[in-house]
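**Q** Construct the complete structure from the given sequences, taking the supplied hints into account.
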Amino acid sequence: MERPLTQYIHPGCPPFDLREYEMTGGYAALRKVIGSMSPQEVQKLVQESGLKGRGGAGFNTGMKWSFVPMGENAPQPKYLIANADEMEPGTFKDRLLLEGNPHQLIEGMILAAYAIQADISYIFLRWAYKKAAQLLRKSIHEAYTAGYLGKNILGSGFSLEMHLHTGVGRYMCGEETALLNALEGKRATPRAKPPFPQVSGLYGKPTIVNNVETLCNLPHIVNNGAEWFKGLGNGKDSGTKLYGVSGKVNKPGCWELPIGVTVRELIEEHAGGMKNGYRFKGVLPGGASTDFLTTEHLDVKMDFVSVAAAGSRLGTGTMVVMDDATCPVGFVHNLQHFFAQESCGFCTPCREGLPWVEKMLLSLERGHGTAEDVEMLQMHTQLLGPGNTFCALAPGAMEPLQSALKYFREDFEKHVELHKCPYG
Amino acid sequence: MIAQKLNTKDTGKANNTALYTTGVAGEPYLTDLERTAIDHEVAQVPYKSAAVIEALKIVQQHRGWISDDSVGAIAAYLQMSPAEVDSVATFYNLIFRKPVGRHVILLCDSISCYVMKYGDLYTALQEKLNIKFGETTGDQCFTLLPNCCLGCCDHAPALMIDNDLYKDVTVAMLDCILKKYT
Ligand SMILES: Cc1cc2nc3c(=O)[nH]c(=O)nc-3n(C[C@H](O)[C@H](O)[C@H](O)COP(=O)(O)O)c2cc1C
Ligand code: SF4
Ligand code: FES
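Protein sequences, first through last, are from chains A and B.
Reminder that position 179 of the first sequence reads as 179 in this note's numbering, one-by-one numbering, no gaps.
Reminder that position 146 of the second sequence reads as 146 in this note's numbering, one-by-one numbering, no gaps.
For the record, the hints were derived by calculation from the structure and aren't laboratory data.
Cross-link-like lysine-lysine pairs, in silico, DSSO-like; alpha carbons within 30 Å at most:
1. A/K130 <-> B/K98
2. A/K275 <-> B/K167
3. A/K420 <-> B/K132
4. B/K128 <-> A/K130
**A** Structure, rendered in structure tokens:
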């Protein structure tokens, strides 16, 4: 089984420095691209490989790039940004790549920048990843020294600057247009689309924001080709995927596997099954803002298409397992507390609605809730749903709530009936 | 909501003025060190106000938190209004608008840590330090804050103190961890 992204990552050992990275084939993709491919050819290759964004939305990466204005008359400078904000609760996959192989990300970023002919690149890193910050600073310096960054890279005439930006908190910074505002020194509220960042992004210039994992795939696609990449998948999508499992399982962790392994395989084989005394009740397949899957979905393949067909989203691919001793109402309350707190406050349904959702769930959990509260919660899943808010935060928040109301309705009703939490 | 408590406007004058203002009471100013660091950031962006988050980070690094005077000083330096600077400062939860202790404990209260019972750690910390979320110990050693997912959910429950991450934390480990900072 091939694990292109993590084959040289050994948790607990320091990551490769520049020389070690080069000795294992590092920066060969950059040499290849610069020596023999046009930016459009790189875009086409990535589009054909079927690589979909690993930041949650799952949009074809090459396609996303194709909206960037190219050629002599394109606005200057253009920007390429690595989204390393990773703040989706339950998600810890980009950390592995950032700490485990920083040069892989840097090479991927240079390739993406070449494909859209960007002049300046940023890594937007969340504050909490202190170790990654230190490693990235060192690796960026090494790449400059070796001539992979800076002016006239490897004598090609292509130039690229790279900067590391560390944040000061707030989940919203991960949303790509809010990220642009944060980089410009503003509050991280999202921007209206259109214009899309590809056309008018950072400081009004064409900008691509890609997730860390997305970018790390690029050197391997360039080296091995689109067909190879497609062949890596198990299901309906291309490539491998970093999957994570947390919760009361025996071996929580993060692994690179062919995209499309089943929920069951992840939990039972890779995560070692449920801890003694606990049973599986449900799972958020791709972070806090994805719909629950339950026992009936254990054989669903974890690719974008199959998880969507099962009524949820692959999201970040890092799942949170809910066991039978954890109260679903308390669980969802914890999620809504997070979303209410992280709402940027820009639009009314989200700013006003989420705190009410949180309050209703808390009163239910404490045994003060009524049947009308459950109905009211149900109503909110519509009111805060897609199309009613300015960005995807609130609709994302409603996903675990609406599916909890669907699959664990009895638990909500029990709280009303007993006037207390049945889980004690 | 508690996370934002520290982030709301507060003059905090009592703790601040003696150390960080000039002879003229309340006159906002930046030190040379702070100015040099901010200049470095300003040089990398198209216009001054784009460096405001960096400026807030720099001043907080030197002073521990951002007082009203600091907001005023940064605003004057970057040619912004204090309200503009404050709107940014209060948005980001790791810019502290109230004084904090010498060490800030960030306890993850997100979903994986919830499932793995971060609540037990919170109860134990409350007892040991005699403070709740949003509060600082009497000796100014620790401030305790809830924080969302720290990105190590496979080792939940997790907490950070300053730059140090602690994973798979149990109540039994807390004394040993806290001792390093006292
Ligand atoms: C509230 C919110 C938070 C987000 N946080 C992240 C994040 O931390 N990292 C990330 O890569 N994408 C995040 N996204 C998705 C980004 O907006 C964007 O789709 C992604 O970075 C695009 O990269 P990709 O095409 O490579 O997936 C978030 C989206 C929303 C709505
Ligand atoms: S949905 Fe929420 S987070 Fe998004 S813009 Fe509206 S208030 Fe802000
Ligand atoms: S939920 Fe606590 S570290 Fe992710």
